[in-house]
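Engineer: Residue numbers (my numbering), protein chains in the order written: chain A, 1 to 170; chain B, 171 to 291.
These are computed hints drawn from the structure, not numbers from a lab.
The structure displayed is predicted, hence computed values, not measured ones.
Treat the hints with caution; some may be incorrect.
Derived contacts from chain A toward chain B, CB cut-off under 8 Å, selection only [unchecked claim]:
1. T16
2. F32
3. N33
4. G34
5. I38
6. E47
7. R51
8. P55
9. S57
10. L125
Just so you know, even glycine gets a beta-carbon here, dropped at the ideal spot from N, CA and C.
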Amino acid sequence: MDARTGSETTPTKNRTTVERKSERELVVTRTFNGPARIVFEAWTRPELFKRWWAPKSMGMSLRSCEMDVRVGGKYRLEFEHDAMAFFGTYVEVTPHLRLVWTNEEGGEGGPVTTVTFEEKGGKTLLVMHELYPSKEALDAAGTGAADAMVETFSQLDELLITLGASVGRS
Amino acid sequence: MVQYSRTGFDASFAALSDATRRGVLEQLGRADASITELAEKFHMTLTGMKKHVGVLEQARLVTTEKVGRVRTCKLGLRRLDEEAAWIERYRQLWDARFDELDKVVEDLKRKEKVDGRKNRK
Numbered sequence: 001m002d003a004r005t006g007s008e009t010t011p012t013k014n015r016t017t018v019e020r021k022s023e024r025e026l027v028v029t030r031t032f033n034g035p036a037r038i039v040f041e042a043w044t045r046p047e048l049f050k051r052w053w054a055p056k057s058m059g060m061s062l063r064s065c066e067m068d069v070r071v072g073g074k075y076r077l078e079f080e081h082d083a084m085a086f087f088g089t090y091v092e093v094t095p096h097l098r099l100v101w102t103n104e105e106g107g108e109g110g111p112v113t114t115v116t117f118e119e120k121g122g123k124t125l126l127v128m129h130e131l132y133p134s135k136e137a138l139d140a141a142g143t144g145a146a147d148a149m150v151e152t153f154s155q156l157d158e159l160l161i162t163l164g165a166s167v168g169r170s
Numbered sequence: 171m172v173q174y175s176r177t178g179f180d181a182s183f184a185a186l187s188d189a190t191r192r193g194v195l196e197q198l199g200r201a202d203a204s205i206t207e208l209a210e211k212f213h214m215t216l217t218g219m220k221k222h223v224g225v226l227e228q229a230r231l232v233t234t235e236k237v238g239r240v241r242t243c244k245l246g247l248r249r250l251d252e253e254a255a256w257i258e259r260y261r262q263l264w265d266a267r268f269d270e271l272d273k274v275v276e277d278l279k280r281k282e283k284v285d286g287r288k289n290r291k
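Just need the whole structure built from these sequences, with the hints factored in.
Structural biologist: Shown next as structure tokens:
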């Protein structure tokens, strides 16, 4: 959809794209100005991961971040305020190339996330691929994520309609 | 996210600033209706109603669908809009994350350089 379009950004900032590739797949891409081993490190060392995964600009901060990055190893991330937790298991760990893990906080509907790191000319193209068990699971994840905003909109709309209706009747 | 919402809000406010359009929304909240039916109900010309519906459509408060010669209007936000909205929100979250990750990458690159210099000594 139009998530891919939009203005080109300045050379220092690379663009993040998100695309629903199919009914069950979501793909996020981004290029980083550094070699794959460095980007990979930032995804696999908790003290580094912590620094970017909960961006302050989005009002997030992590209370804890545990990562046992090896096949079968677990991870667990807990947010500061509501103690919301994300957890799962690493399924594949190929240094500087590929990471695969499960997302188990949502029960059976959780996706499997695959991140690949592709280095080219000192830059790294990162592709994050999330495969949901079903279309319904992906739809539900989207609805969950969008709930807050859609709710705000529909509350506003409802309010305005109520106001409008009372004005209209008078 | 802010920008997305603001555009949505502005369009919503503009669309809702008119009594007829609010009436149309209220009407569509009860049942879908054709432009002709709406024009009759609000004692308007077809052209006038088309304009109002157009404004509501732009604000994504209403969607229309033409079947044969009849254009039917329904209340938005429809699913597609919702999907576009959450994908955009998701993109903004990852964009914010990756901006921070850029900084981590820069730090690590700098460190490698410094370490490299040290090792050469």
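Engineer: Each hint: holds or not?
Structural biologist: Going down the list of hints, with the structure as the test:
The beta carbon of A:T16 is positioned within 8 Å of a beta carbon in chain B (closest approach about 4 Å), and the interface hint is therefore held. A distance limit of 8 Å between C-beta atoms decides the matter here; for A:F32 the minimum to chain B is near 5 Å, and the interface restraint holds. Taken as an interface hint, A:N33 checks out: its beta carbon lies about 7 Å from the nearest beta carbon of chain B, inside 8 Å. For A:G34, the interface hint holds, the least distance from its beta-carbon to any beta-carbon of chain B being 4 Å, beneath 8 Å.
Using the Cβ-Cβ criterion of 8 Å, the hint placing A:I38 at the interface with chain B is satisfied: the shortest such distance is roughly 5 Å. The criterion of a C-beta within 8 Å of any C-beta in chain B is not met by A:E47, whose closest approach is roughly 10 Å, and the hint is violated. Given the 8 Å rule on beta carbons, the hint for A:R51 holds: about 5 Å separates it from the nearest Cβ of chain B. The beta carbon of A:P55 is positioned within 8 Å of a beta carbon in chain B (closest approach about 4 Å), and the interface hint is therefore held.
Given hint, A:S57 at the interface with chain B, holds; its Cβ is 5 Å from that chain's nearest Cβ, closer than 8 Å. Taken as an interface hint, A:L125 does not check out: its beta carbon lies about 12 Å from the nearest beta carbon of chain B, beyond 8 Å.
Checked against the numbered hints given earlier, this structure breaks hints 6, 10; the rest are met.
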